[in-house]
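Visitor: Below, each chain spelled out in residue letters.
There are 2 protein chains.
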Amino acid sequence: MNFASIAHVIGILLIVTGCSMSLPIACSILYQENDLLPLLYSFAITTGAGIPLFIAFRKNNDLQIKDGFFIAVVGWVVVSAFSAIPYMIHGSIPSFTDAFFEMISGYTTTGATILNDIEAVPHGLLFWRSQTHLLGGMGFLTLAIIFLPHGMGGLRLFRAESSPGQVITKDKFKPRNRDTMVMLWWIYIGLNCIQIILLALGGMPLFDSLCTAFGTVSTSGYSTRNASIGAYNNAYFDWIIILFMFLGGLSFVLIYQVLRGDTNALKINTELRWYLGFLFFFCGAITLILWTKGTYHNISDALRYGTFQIVSLLTTTGFGTADYELWPHSAQMLLFVVCFVGACAGSTTSGIKVVHYVIICKYMYASIRKIFFQPMAVVSLRLNGRTIDDDIISLALCYFIINIFMVLVGGFVMTLTDNMNYSSAISSVIAALMNIGPGFGAVGPSHNFAFISDIGKWFLSWNMLVGRLEMFSALVLFFPSFWEK
Amino acid sequence: MNFASIAHVIGILLIVTGCSMSLPIACSILYQENDLLPLLYSFAITTGAGIPLFIAFRKNNDLQIKDGFFIAVVGWVVVSAFSAIPYMIHGSIPSFTDAFFEMISGYTTTGATILNDIEAVPHGLLFWRSQTHLLGGMGFLTLAIIFLPHGMGGLRLFRAESSPGQVITKDKFKPRNRDTMVMLWWIYIGLNCIQIILLALGGMPLFDSLCTAFGTVSTSGYSTRNASIGAYNNAYFDWIIILFMFLGGLSFVLIYQVLRGDTNALKINTELRWYLGFLFFFCGAITLILWTKGTYHNISDALRYGTFQIVSLLTTTGFGTADYELWPHSAQMLLFVVCFVGACAGSTTSGIKVVHYVIICKYMYASIRKIFFQPMAVVSLRLNGRTIDDDIISLALCYFIINIFMVLVGGFVMTLTDNMNYSSAISSVIAALMNIGPGFGAVGPSHNFAFISDIGKWFLSWNMLVGRLEMFSALVLFFPSFWEK
Ligand SMILES: [K+]
Ligand SMILES: [K+]
Numbered sequence: 002m003n004f005a006s007i008a009h010v011i012g013i014l015l016i017v018t019g020c021s022m023s024l025p026i027a028c029s030i031l032y033q034e035n036d037l038l039p040l041l042y043s044f045a046i047t048t049g050a051g052i053p054l055f056i057a058f059r060k061n062n063d064l065q066i067k068d069g070f071f072i073a074v075v076g077w078v079v080v081s082a083f084s085a086i087p088y089m090i091h092g093s094i095p096s097f098t099d100a101f102f103e104m105i106s107g108y109t110t111t112g113a114t115i116l117n118d119i120e121a122v123p124h125g126l127l128f129w130r131s132q133t134h135l136l137g138g139m140g141f142l143t144l145a146i147i148f149l150p151h152g153m154g155g156l157r158l159f160r161a162e163s164s165p166g167q168v169i170t171k172d173k174f175k176p177r178n179r180d181t182m183v184m185l186w187w188i189y190i191g192l193n194c195i196q197i198i199l200l201a202l203g204g205m206p207l208f209d210s211l212c213t214a215f216g217t218v219s220t221s222g223y224s225t226r227n228a229s230i231g232a233y234n235n236a237y238f239d240w241i242i243i244l245f246m247f248l249g250g251l252s253f254v255l256i257y258q259v260l261r262g263d264t265n266a267l268k269i270n271t272e273l274r275w276y277l278g279f280l281f282f283f284c285g286a287i288t289l290i291l292w293t294k295g296t297y298h299n300i301s302d303a304l305r306y307g308t309f310q311i312v313s314l315l316t317t318t319g320f321g322t323a324d325y326e327l328w329p330h331s332a333q334m335l336l337f338v339v340c341f342v343g344a345c346a347g348s349t350t351s352g353i354k355v356v357h358y359v360i361i362c363k364y365m366y367a368s369i370r371k372i373f374f375q376p377m378a379v380v381s382l383r384l385n386g387r388t389i390d391d392d393i394i395s396l397a398l399c400y401f402i403i404n405i406f407m408v409l410v411g412g413f414v415m416t417l418t419d420n421m422n423y424s425s426a427i428s429s430v431i432a433a434l435m436n437i438g439p440g441f442g443a444v445g446p447s448h449n450f451a452f453i454s455d456i457g458k459w460f461l462s463w464n465m466l467v468g469r470l471e472m473f474s475a476l477v478l479f480f481p482s483f484w485e486k
Numbered sequence: 002m003n004f005a006s007i008a009h010v011i012g013i014l015l016i017v018t019g020c021s022m023s024l025p026i027a028c029s030i031l032y033q034e035n036d037l038l039p040l041l042y043s044f045a046i047t048t049g050a051g052i053p054l055f056i057a058f059r060k061n062n063d064l065q066i067k068d069g070f071f072i073a074v075v076g077w078v079v080v081s082a083f084s085a086i087p088y089m090i091h092g093s094i095p096s097f098t099d100a101f102f103e104m105i106s107g108y109t110t111t112g113a114t115i116l117n118d119i120e121a122v123p124h125g126l127l128f129w130r131s132q133t134h135l136l137g138g139m140g141f142l143t144l145a146i147i148f149l150p151h152g153m154g155g156l157r158l159f160r161a162e163s164s165p166g167q168v169i170t171k172d173k174f175k176p177r178n179r180d181t182m183v184m185l186w187w188i189y190i191g192l193n194c195i196q197i198i199l200l201a202l203g204g205m206p207l208f209d210s211l212c213t214a215f216g217t218v219s220t221s222g223y224s225t226r227n228a229s230i231g232a233y234n235n236a237y238f239d240w241i242i243i244l245f246m247f248l249g250g251l252s253f254v255l256i257y258q259v260l261r262g263d264t265n266a267l268k269i270n271t272e273l274r275w276y277l278g279f280l281f282f283f284c285g286a287i288t289l290i291l292w293t294k295g296t297y298h299n300i301s302d303a304l305r306y307g308t309f310q311i312v313s314l315l316t317t318t319g320f321g322t323a324d325y326e327l328w329p330h331s332a333q334m335l336l337f338v339v340c341f342v343g344a345c346a347g348s349t350t351s352g353i354k355v356v357h358y359v360i361i362c363k364y365m366y367a368s369i370r371k372i373f374f375q376p377m378a379v380v381s382l383r384l385n386g387r388t389i390d391d392d393i394i395s396l397a398l399c400y401f402i403i404n405i406f407m408v409l410v411g412g413f414v415m416t417l418t419d420n421m422n423y424s425s426a427i428s429s430v431i432a433a434l435m436n437i438g439p440g441f442g443a444v445g446p447s448h449n450f451a452f453i454s455d456i457g458k459w460f461l462s463w464n465m466l467v468g469r470l471e472m473f474s475a476l477v478l479f480f481p482s483f484w485e486k
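Just so you know, the sequences run in chain order A and B.
Take 2 as the starting number for the first sequence in our numbering and just add one per residue.
Take 2 as the starting number for the second sequence in our numbering and just add one per residue.
Hints listed in this document are in silico derivations from the structure and should not be mistaken for laboratory results.
Be careful, since some hints might not be right.
All copies of an identical chain are treated as equivalent in the list; a pair is satisfied when it fits inside any one copy or across any two copies.
[To be verified] Think about it this way: if two alpha-carbon atoms lie no more than 25 Å apart in a straight line, the pair counts; the simulated PhoX-like pairs of lysine-lysine are:
#1 Lys294 - Lys371
#2 Lys363 - Lys268
#3 Lys67 - Lys363
#4 Lys371 - Lys67
#5 Lys294 - Lys363
#6 Lys60 - Lys363
With the hints as constraints, model all of the structure from the sequences given.
Guide: Okay, structure coming up:
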């Protein structure tokens, strides 16, 4: 482990975090509320901590893959801790546990809140809250890569973090360097801008448009309203947000290829076909259920509310336009299932992701066929027209199974720390681990995470981080081999 | 597919089923209730249907592996259908759907009942109900093998069915022939006899002792009392039943080896160590929870009730001595988790089974180690001191993942057919698929399956069969390759 280089990178992260407070500071000046001083103090503290680290460990040492994993975990924690300072100074979230929870929930694109009254928080702090999504959506560390000297092993750092580009499918387009990273960031910013314009054109206040777009493209889910997107009660907004949640769930590399005119990339993309297939199936099924069971009396409303909630949970966004716990049980079951699905790899989403299901299903089909019918066959899987490496198959299988184990073990931990029934406990872990936000029962759409005990909040924070880093970065730290020379 | 041979085997199964009605008939004569005629008619119908099949398709054709799969599925269905006749004639279960559900629940060792008042059923029919456990526990088809001529490919038939000996671990001791099968049956019958004697010595009525033992060693769970084992409220009975549920969860091949004096087999058995480890962990944890939370005021009661319920659900038996839905949420969560664990392969239990977890955990550890730390390593797993075949690893992974998929998809089906919330729906599928019996919520220990719709009952029946046949026999029928020449 190269702790000097690690400290250097942490320094960069803190400076970036501090500087990014300039936008909420501007917002605070504009709205003239009582959050200017807390933000200024926090800016001073954060950059003040970052600059010495940055300068003191300036040597151009290379980062190894292990350092990358370490930074991925520690970096997110440190940045979340410093980001929590404004809320604590201001007093809108006095407890450090709560403020840290709110911030890591933002950076990990979870969007699970402990705020009982979001609308009471001043605009500068609300903007800061939503801006964590903007920074976290692309993977916070990718920002650091842009500011890192070339020799610092940016790719290794990048690989340790789940984000648009942790491209499991070995695409020929690999995010090799800073330029690619910058390109993906432009696409990301571009999508945000388009959505902001479309929402503002529809009549949403600019402040709300900004915060909502930050929460949509990054598939995160903090809203500035207590009733989430349902507060606007506007079909146009709903459909715009559905569209951009869907786009946020696409592989950004694929978007880049399409923008370059490579439409063939669309045709051969296996994951995209499955993603569309899942969406059609789940949206169609829930619309039928909501319509035939009379939850909504006309089919267009059933389509609007059903599609919104399916896309919101499938892409792990977590926005809401209705209290789905009042829907028929079969509709709720569909929502419970899509929480396990997730969107495409290389998107801003978290969760299990479609590509893993593609690999798992193909692997199972091939294995059962081999064992029962063609013992001499060799199992070889193809994705996007290319053969998949065995390691990728192993990783997909492990990823799915570890997710299931963590949900079950995590549920037990939550029943121990908090007085929740087993299905609420499981749901809270799913909401955190898949970076979704709302769940069912005690953490359902009409509740929040405020009632959870401090230990429970720290445990769920850890789950969010594990989920955002796609398990392995966060889990390999616990392997003895990790700490061997 | 060799339909003549298949019909011949079905004929044998029906004759065995018919003849096995002699015990309940004897019971009925003893108790002088109104169930003698229904049992006699059923005996006549069942053997009357079996004998012509047996004689007409007498040719000594070999059974192929596909025929084995086919018989495994169709055989259990046909036997359950004929076994349902006594209840329909007698009128204690007038509906065919209900009677079939009760019977396949018995044969698959599930023990999920639709009877609202078990104690109202006459003794002959109650005995018949419990006797399905005795026949199903060892795998019903193994009985047929004993009666099959040598040339009929008994092993292939045997392989298609989950039962003591579907020995995934490639033990050197393989159930090659009739003699082995007879040996395992003797161990099984022996365990039943010892338990009957021990229960009767403790003061349980002989009829109850017989039925309870049938439900214990086969890890099935039909009791003759409405309150299950809790009706006796006797610590001695509880501990005897815990012991025999535990023994029913052991590999019968292992028991055979130990009886022959091969204690080394115990030492090298990886699955046994994990099985004991799981039991110690879960029983210890639940005892602590029940004691510290004050559910039971002295630790011996906490140990007794906690251990009973953990062993009951972990071995997929499903007996109850307490309404665990009144226990602390953390205790319920532990019970929910053990439903996914199961006992040893080659035992009378169903469910996911410990050996699969051993393989999955070793595989995941080796894969992550290889991918992240030792890219050149070859993943090679050892079980009981021997290397595991790659196909076995694939099968274990597929088995676990398909179970999870079936629980989620099945839960959706149940919310569609029945008005249950999503956690009750999931729980009903787990209870059926893992052959456990009781679950949580609407199918909790203080409820039964009577309220479920007919479609729901057929769907759960299918899940019981799929679970009992360890998925693959029941699922490969749906592969196109299965039906190719
Ligand atoms: K989210
Ligand atoms: K059972």
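Visitor: Give the relationship of Lys60 and Lys363 under a CA distance limit of 25 Å: within one copy only, between copies only, both, or neither.
Guide: neither (47 Å within a copy, 41 Å between copies)
Visitor: Between Lys294 and Lys363, at a C-alpha cutoff of 25 Å, which is it: within one copy, between copies, both, or neither?
Guide: neither (35 Å within a copy, 47 Å between copies)
Visitor: How would you classify Lys294 and Lys371 at a CA-CA limit of 25 Å: within, between, both, or neither?
Guide: neither (44 Å within a copy, 51 Å between copies)
Visitor: Could you figure out if Lys371 and Lys67 sit no more than 25 Å apart (CA to CA) within one copy, between two copies, both or neither?
Guide: Classified as between: cross-chain Cα gap 14 Å, same-chain 38 Å, threshold 25 Å.
Visitor: Can you give me the call for Lys67 and Lys363, within, between, both or neither, at a CA distance of at most 25 Å?
Guide: Result: close only across copies, 23 Å inter versus 32 Å intra.
Visitor: Give the relationship of Lys363 and Lys268 under a CA distance limit of 25 Å: within one copy only, between copies only, both, or neither.
Guide: This pair counts as within: shortest intra-copy Cα distance 19 Å, inter-copy 38 Å.
In summary, the structure is inconsistent with hints 1, 5, 6 from the numbered list given earlier, while agreeing with the others.
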